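Chains as they are written, first to last, in the working numbering: chain S, 1 to 305; chain D, 306 to 549.
To be clear, the hints were calculated from the coordinates, so they are not data collected in a lab. Hints may be right or wrong, so weigh each one.
[Stated by the list, open to error] Part of the chain D face toward chain S, derived, beta carbon under 10 angstroms:
#, residue
1, Arg315
2, Pro394
3, Lys547
[Claimed, not checked] Below, a sample of chain D positions facing chain S; criterion: calculated Cβ distance under 8 angstroms:
#, residue
4, Ala322
5, Thr323
6, Ala326
7, Gln352
8, Leu393
9, Val395
10, Ser496
Quick caveat: nothing in here was measured; it's all calculated off a predicted structure. Where a beta carbon is used, it is the ideal one built from N, C-alpha and C, also for glycine.
Single-letter residue listing:
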Amino acid sequence: MIEVQHLTKRFGRFTAVNDLSFEVRPGEVLGFLGPNGAGKSTTMKMLTGFLPVTSGSVHIGGYDIAQHPVAVKRQIGYLPEGAPSYGDMTVLAFLRFIGEIRGYRGAELRQRLARVVEQVGLQDVLKQAVQTLSKGYKRRVGLAQTLLHDPAIMILDEPTDGLDPNQKQQVRQLITDLAEDKIVIISTHILEEVSAVCSRAMIIAAGKKVADGTPAELEARSRYHQAISVRFQQPVNAAAAFSALPDIHEVDELEQGQSYLLFPQPGARPYHAVNALIEQQGWEVDTLHIERGRLDDVFRQLTGV
Amino acid sequence: MNTLLTICKREFSAYFATPVAYVFIFIFLVMSGVFTFYLGNFYERGQADLVPFFNFHPWLYLFFMPAVAMGLWSQERQLGTIELLMTLPVTLWQAVLGKFLAAWFFAGLALLLTVPLWMTVNYLGTPDNGVILASYLGSWLMAGAFIAVGSCMSAFSRNQIVAFILTVVVCFVLMLSGFPLVLDFFRGWASEGLLDLIASLSFLTHFEALSRGVVDIRDLLYFVLVIVVWLLATTQVLTVKKSV
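Using the sequences and the hints, build the whole thing.
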């Protein structure tokens, strides 16, 4: 369990993280969302004990990080931003070094190496120097390094940054598979990733927490939440008819009348009325559905651009 | 202890991951040969000892050791691996000491490869091998002092060249602090006590006795102390650099 209380980090006069408090429990996959420079990485650097905190406290697995940094670091697998590793070393030598630092020797070390190599698919590049690998492989080496000691807590700073769509999918699948009984914190600015892997999302802007909830809860804060999206087979002049419905608050006409976004009055559910109107007018519908809400909309709204 | 050794081992083998280490050692051996035989008049002196060899060590180290130490921390910072290393379950001291030892052992290896010189002198005559052993020990300790300074300077900058230059400058001042070149700078405004203190910090003065085979525990302690102080400074620089 991670408990963060009133966490603050200042660099000179600049406040990078401002009075952040939250808890994370095993089984949760928490996504840190926020614009560049919002303080996501700085927060992670404090959670992993790389940066000292200016004020506030971090307790991880019952240990205060300021007093027992090594005990805390033992429980964490951390992938720093950009997945840095010693480029001169071969993949195998690098992972062995990490394993030895984590205190494994002999048969146990070999077993653990074999397991992570299989988990992230590094069999083909074990003898290659890390610096000769593609970006995707480098990222996987970084992930393998975080998994060696089967940590209770994984903190991954932009784990899918710069990967191609297939690789992104693989990494997300890996995170989902691992997440069952662990605490996973990832930072990202790819919003679809949050819906795909996170059970909880926290939006950070200018060092402050501005939203914290499940992805569905966040989506519900969007103005698109519960909006009805209609797409016709041919453009139709329907704006006036939709506006005339009692529960419709606002109508957006898109693509010269081929599709419409209907925003309901607060609390109203005008889906059936809309459907009935379409039937009655005999308009040919391509798609008709209720929007869940859009994270990017919430994101823009909360981070103020 | 295991952690310390693991760090030391990785760092040591990192020297040999690129050809740079071999080039270093090669140049070191060539230079020590040149200094000994040409500038030191090894044959013309007609004495069976390695005094000309050891006499030039401080000057050789002035450029060789900063090069050995310049990457210790600046490279970690440049590659971003410092964040990886310092979030593994290691203490700052283990990391600083482990890296220092790796560089020191590397210097020791280079020094050890000069053994053919010792064999030559034993073939040509009957030198006092106790003196030579003491000189080797003193030389290695002095190398440690250079490297400890280099470790601290390397923690200052992510640029290895900057670290190299800073180390050369600091080591040069420390080497010559017993000589007028440095002392004159302080004379006139510093007290006699301070002048004596500065003079007593000189690498050269302390190495001089050792290189003649006089093993004074104070000279040994001096170098150990210099190493400890500069490693302590390294940890401080790393700590301060992280939080700004």
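Check: Checking against the hints above, which ones are violated?
Finding: 6, 7 and 10
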